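To convert, note that position 274 of the sequence shown is 274 in the numbering used here; the numbers rise steadily by one, no gaps.
Hints are supplied without guarantee of correctness; some may be wrong.
Unchecked claim - Here are the simulated distance ranges between beta carbons:
no. : residue 1 : residue 2 : range
1   : Ala287    : Phe208    : 16 to 24 Å
2   : Lys226    : Ser282    : 43 to 51 Å
3   : Thr224    : Arg189    : 24 to 32 Å
4   : Cys72     : Leu232    : 25 to 33 Å
5   : Ala79     : Arg164    : 31 to 39 Å
6   : Gly215    : Leu171    : 44 to 52 Å
7   : Ser19     : Leu212    : 24 to 32 Å
8   : Pro283    : Leu212    : 47 to 55 Å
Simulated from the structure, these hints should not be mistaken for laboratory data. Note that the coordinates shown come from a computational prediction; the quantities given were computed from them, not determined experimentally. The beta carbon of each residue, even a glycine, is placed where N, CA and C say it ideally should be.
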Amino acid sequence: MQGDPGQTGILPLGLRATSAAAIAATVASCANGAQLAVTRLIVQQHDPLAIALLRCAIAAVCLAPLLRKSQCPPARDCATILALGGVVAGLCPWLMTIAMQYTTASRGALVICSSPLLTLTFAAMLGQERCTLRRVAGCCCALIGVAVGLSGQLGAGPPVTLNRGDAVVLLTTMLLALFNVCAARMLARYPAHTIAPIACLGGFAVLFAFTLAQGAARGIPLLTVKDWLAVLFCGAIGGAGVLLLWSWAIERASASRIAIFVTAGPVAAAAAGVILLAEAVSPQLAAGTGLILAGIYLVYQAEPFAESQA
Numbered sequence: 001m002q003g004d005p006g007q008t009g010i011l012p013l014g015l016r017a018t019s020a021a022a023i024a025a026t027v028a029s030c031a032n033g034a035q036l037a038v039t040r041l042i043v044q045q046h047d048p049l050a051i052a053l054l055r056c057a058i059a060a061v062c063l064a065p066l067l068r069k070s071q072c073p074p075a076r077d078c079a080t081i082l083a084l085g086g087v088v089a090g091l092c093p094w095l096m097t098i099a100m101q102y103t104t105a106s107r108g109a110l111v112i113c114s115s116p117l118l119t120l121t122f123a124a125m126l127g128q129e130r131c132t133l134r135r136v137a138g139c140c141c142a143l144i145g146v147a148v149g150l151s152g153q154l155g156a157g158p159p160v161t162l163n164r165g166d167a168v169v170l171l172t173t174m175l176l177a178l179f180n181v182c183a184a185r186m187l188a189r190y191p192a193h194t195i196a197p198i199a200c201l202g203g204f205a206v207l208f209a210f211t212l213a214q215g216a217a218r219g220i221p222l223l224t225v226k227d228w229l230a231v232l233f234c235g236a237i238g239g240a241g242v243l244l245l246w247s248w249a250i251e252r253a254s255a256s257r258i259a260i261f262v263t264a265g266p267v268a269a270a271a272a273g274v275i276l277l278a279e280a281v282s283p284q285l286a287a288g289t290g291l292i293l294a295g296i297y298l299v300y301q302a303e304p305f306a307e308s309q310a
């Protein structure tokens, strides 16, 4: 790279791309947090597998038009993307719907926020990224920030002991972290608008097979209008929107730098309560937000130019 980007009055293209990726990842994280809460409401009365299938089907319908503008990858890469989709768009949403039967949305969100540390660990183990002290400190800082910001909700729930819902969320988070790392390889070859629809089809195939095997579709006619509206939100926004935005962000920045934005979702939901419901700004929320912002800065701003040249 010639010249110093800081000497010009125009933001360098690389920085503009990573800034856009940060915004996309933040929006995706907030949308995912919202659909997590909505999912918890639905699965109390309906089969989690049926809900996961409908969610994925709606997401696939929303993303399918993008395939017309995309060139289909070779068979081997297409199979890899379908397999990744089977995990992130099929298995993981199903596991989350199961988990929400046994744990709260706030506790689930806290466990999910271990994703940055897990992503960084897997990326370092596979030799894709460097595990630096600054990045580890940033991940830990953001995770502590989520715990502090949600301390009110966590304290109001069941006793803080690991239950099976929390364990399922942890398993899901590990799978999501592996997806972040493995998807980065495919996103280096193909754009997000090609990968997201194919991945969603892979997820639908997995869920459809499980639904047929367990006869879970029998409960679908029992859904009310209110339930359908909730499922539509989870599929269109929490499914298609989150997958596309998250993939688009990873396409433009490293997996661990994007994963840190998972921590923005839970506190953003609490902040929305302050704005929309006129709730008081608690000291815990203010402190947690500060810690999360500090953690995001430490991870996302860690040697960006070194990474772009690697």
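These are the hints, each one checked on the structure:
1. Ala287 to Phe208: 16 to 24 Å: 45 Å, violated
2. Lys226 to Ser282: 43 to 51 Å: 31 Å, violated
3. Thr224 to Arg189: 24 to 32 Å: For Thr224 and Arg189 the Cβ distance comes to about 44 Å; the hint is violated.
4. Cys72 to Leu232: 25 to 33 Å: Given a distance of about 28 Å, which is inside 25 to 33 Å, the answer is holds.
5. Ala79 to Arg164: 31 to 39 Å: 33 Å, holds
6. Gly215 to Leu171: 44 to 52 Å: At roughly 24 Å between Cβ atoms, Leu171 and Gly215 fall outside 44 to 52 Å, so the hint is violated.
7. Ser19 to Leu212: 24 to 32 Å: 45 Å, violated
8. Pro283 to Leu212: 47 to 55 Å: Between Pro283 and Leu212, where Cβ atoms are some 51 Å apart, the hint holds.
In this structure, the earlier hints numbered 1, 2, 3, 6 and 7 are contradicted, and the remaining ones agree with it.
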